[in-house]
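Participant: Produce the complete structure using the sequences and hints provided.
Residue numbers (the numbering used here), protein chains in the order written: chain A, 290 to 633; chain B, 290 to 633.
Don't take each hint at face value.
The list makes no distinction among identical chains, and a pair is therefore deemed to hold if it is satisfied within one copy or across any two copies.
To be verified - In silico lysine-lysine, DSSO-like type, Cα no more than 30 Å apart, as pairs:
(1) K399 <-> K588
(2) K371 <-> K312
(3) K584 <-> K371
(4) K313 <-> K399
(5) K359 <-> K399
(6) K588 <-> K359
(7) K359 <-> K371
(8) K588 <-> K323
(9) K323 <-> K399
To be clear, the hints were calculated from the coordinates, so they are not data collected in a lab.
Remember, predicted model here, so these are calculated numbers, not experimental data.
There are 2 protein chains.
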Amino acid sequence: MSVMLNEFLDVPNVVREVITRNKKVIAEIAEEFKRRGITNITTVARGTSDNAATYFKYIVEAIGHIIVSKFTPSITTVYGAKVNLHNNMLLAVSQSGMSTDTLMVAQNAKDTGAMTVAVTNDPNSPLAKLCDYHVYLAAGQEQSVGATKTFLAQLSSMYLLSNALSPSPAKMNIAQLPPILENFIQESKKGIQDFAESLKDINNFIILTRGLTQAVASELSLKMMTTCYKLSRPFSTCDFMHGPISIVEEGTPVIILAPDSEFTEEFVAMTTRLSLLGANVYSFTDIQEIQNMSKKSFKMLPCRGTNSPFLYSMAIELFVVYMAQSLGINPDTPRNAKKITITK
Amino acid sequence: MSVMLNEFLDVPNVVREVITRNKKVIAEIAEEFKRRGITNITTVARGTSDNAATYFKYIVEAIGHIIVSKFTPSITTVYGAKVNLHNNMLLAVSQSGMSTDTLMVAQNAKDTGAMTVAVTNDPNSPLAKLCDYHVYLAAGQEQSVGATKTFLAQLSSMYLLSNALSPSPAKMNIAQLPPILENFIQESKKGIQDFAESLKDINNFIILTRGLTQAVASELSLKMMTTCYKLSRPFSTCDFMHGPISIVEEGTPVIILAPDSEFTEEFVAMTTRLSLLGANVYSFTDIQEIQNMSKKSFKMLPCRGTNSPFLYSMAIELFVVYMAQSLGINPDTPRNAKKITITK
Numbered sequence: 290m291s292v293m294l295n296e297f298l299d300v301p302n303v304v305r306e307v308i309t310r311n312k313k314v315i316a317e318i319a320e321e322f323k324r325r326g327i328t329n330i331t332t333v334a335r336g337t338s339d340n341a342a343t344y345f346k347y348i349v350e351a352i353g354h355i356i357v358s359k360f361t362p363s364i365t366t367v368y369g370a371k372v373n374l375h376n377n378m379l380l381a382v383s384q385s386g387m388s389t390d391t392l393m394v395a396q397n398a399k400d401t402g403a404m405t406v407a408v409t410n411d412p413n414s415p416l417a418k419l420c421d422y423h424v425y426l427a428a429g430q431e432q433s434v435g436a437t438k439t440f441l442a443q444l445s446s447m448y449l450l451s452n453a454l455s456p457s458p459a460k461m462n463i464a465q466l467p468p469i470l471e472n473f474i475q476e477s478k479k480g481i482q483d484f485a486e487s488l489k490d491i492n493n494f495i496i497l498t499r500g501l502t503q504a505v506a507s508e509l510s511l512k513m514m515t516t517c518y519k520l521s522r523p524f525s526t527c528d529f530m531h532g533p534i535s536i537v538e539e540g541t542p543v544i545i546l547a548p549d550s551e552f553t554e555e556f557v558a559m560t561t562r563l564s565l566l567g568a569n570v571y572s573f574t575d576i577q578e579i580q581n582m583s584k585k586s587f588k589m590l591p592c593r594g595t596n597s598p599f600l601y602s603m604a605i606e607l608f609v610v611y612m613a614q615s616l617g618i619n620p621d622t623p624r625n626a627k628k629i630t631i632t633k
Numbered sequence: 290m291s292v293m294l295n296e297f298l299d300v301p302n303v304v305r306e307v308i309t310r311n312k313k314v315i316a317e318i319a320e321e322f323k324r325r326g327i328t329n330i331t332t333v334a335r336g337t338s339d340n341a342a343t344y345f346k347y348i349v350e351a352i353g354h355i356i357v358s359k360f361t362p363s364i365t366t367v368y369g370a371k372v373n374l375h376n377n378m379l380l381a382v383s384q385s386g387m388s389t390d391t392l393m394v395a396q397n398a399k400d401t402g403a404m405t406v407a408v409t410n411d412p413n414s415p416l417a418k419l420c421d422y423h424v425y426l427a428a429g430q431e432q433s434v435g436a437t438k439t440f441l442a443q444l445s446s447m448y449l450l451s452n453a454l455s456p457s458p459a460k461m462n463i464a465q466l467p468p469i470l471e472n473f474i475q476e477s478k479k480g481i482q483d484f485a486e487s488l489k490d491i492n493n494f495i496i497l498t499r500g501l502t503q504a505v506a507s508e509l510s511l512k513m514m515t516t517c518y519k520l521s522r523p524f525s526t527c528d529f530m531h532g533p534i535s536i537v538e539e540g541t542p543v544i545i546l547a548p549d550s551e552f553t554e555e556f557v558a559m560t561t562r563l564s565l566l567g568a569n570v571y572s573f574t575d576i577q578e579i580q581n582m583s584k585k586s587f588k589m590l591p592c593r594g595t596n597s598p599f600l601y602s603m604a605i606e607l608f609v610v611y612m613a614q615s616l617g618i619n620p621d622t623p624r625n626a627k628k629i630t631i632t633k
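Facilitator: Set out below in structure tokens:
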């Protein structure tokens, strides 16, 4: 078994740890945020951490009604602009807490009067020490190059934080999540492995979804590139309809992540259209109609609302590692890439 | 000659119109923005308009030091959240001014106390009428389905607006832009046509750039999908290095937009690395070293800083329309797509 796979299987415990360890700091962050009357949040992150930030953006906007921007690091690191982040909370997300660019943006935020929060897997990292508050991912050391445990740990902390910042918190009991994930792994592991192996020879995927699972589609795409060496591009079904759908022809491979949700009707309409255009649709879904129209489908356990990104994340992480294995790639050490990339 | 090509050739006149017609309203917007002490800007847009919003985000952050977020329409249209945009200016960009989703987000912005600005090509559109201010693109009617004149018209208005909002405006004299664009079209049209034809049989491109031309890379990718039916994915060189570079192997096609700029060294380093990995690099550049390392290269006229997105946009627009023509596709009516997409 690869180190990467082994690390994924430990995710339910990591989620448990994140919930327990950060209760206090997250309450403190929410109190300070409200006390200061802050209206806007800015995130800074790259890669997997940026995908987690996308989830945060969706959920804190949807349940917290707080607008979130994404900071473009080069504005600080190359153009040297002192962007005014007064009235903002900066959320800096970095597994290592060592990225130079994220650090420079956090320093700019402090200098211009922002409240600053770091989310890292190392309480002794420079980023954790620089920011006013630190949310600890407690994922243990990741040995494989591709992020494994951190993505779901980040999603968990983002969920907790969104909920705490929200004037009317969501009803989900996140403490129920670890057993749900454990059950999902047990029930679905073998099926996902078969699904991944059956798709291993296909290249150049379109990946579609919409809403809360958008971050999961981005992470699937990133991991397919880094771990399986396959080009892919994620779209929201809506953005895809708005032009790029022109590329679909007989045999175009499309993966759709389609949880039964506010978007069920739209997912069904899109899958119908894709089928008529001759696309090969591969789906992760619990919607029967979409399963029927798919060339191949992995049947997800039903999961609603804020739960769905967690189960879909677990599914795509396992999918990618099994696909890599079936391609004969060691997912622990992808070619051309390093664990910590120091960029500016 | 296709309608689309004909429309591109009219761009210098459109840019002239945008500058003349919007002087007054842009000064008024800037005055109101400063009077209210607004700290954050939020954009809402889709497709080409969203790529123009990306340019706006870069430039207003770099020269204006004002942070910009991008509004995710589904948060309002599907999740029904009343996102608090007090302390924000909403910039709603839509060629037609008719998109339901953009309208709903603008209404939410008004309801929560934001200052609102519409950028459209129709002063009588619902969006133009709903917002506090209207910036008029004055591009005339676009007859081809893919946006042609609007993208550069949008960039021009975004530049004017960024400059007006900035405490210390940039030095560029935008009135010099139309003759520069005219000269560029004359000098480069034939070369771009040859370049496009020589690449027409290649599929599944990676597109790289960084900084102010990021929006241009996104637009190139969007147009390649909608007009040439080719999958492509844009990255910043930095994000690409951070993982996705794993996919590069012998023969991987990469287009790099590399203006001589703050990023020259990084572009050269990236191109060197790509060459060593065996990628086929195709470049739009005025950097001699990158031309030398490219399998094919289109030599750009030198252009610095805020000018470069305009010339590179003109180049990629012509590139795409010539590529479509050489593929035997009528770029005026791409398959599967409509001119106005009503989405929520």
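Participant: Compare the structure with each hint and give your call.
Facilitator: Each hint, compared with the structure:
1. K399 <-> K588: neither (47 Å within a copy, 42 Å between copies)
2. K371 <-> K312: Answer is between: at 27 Å across copies they meet the 30 Å cutoff, but 33 Å inside does not.
3. K584 <-> K371: So K584 and K371 fail the 30 Å test inside a copy (51 Å) and across (39 Å) alike.
4. K313 <-> K399: within (22 Å within a copy, 36 Å between copies)
5. K359 <-> K399: both (16 Å within a copy, 23 Å between copies)
6. K588 <-> K359: neither (34 Å within a copy, 33 Å between copies)
7. K359 <-> K371: Both ways: K359 and K371 sit 15 Å apart in one copy and 20 Å across, limit 30 Å.
8. K588 <-> K323: Classified as neither; 42 Å inside a copy, 54 Å across copies.
9. K323 <-> K399: Close inside one copy (18 Å) and across copies (23 Å); limit 30 Å.
Consistency note: the structure conflicts with the earlier hints numbered 1, 3, 6, 8.
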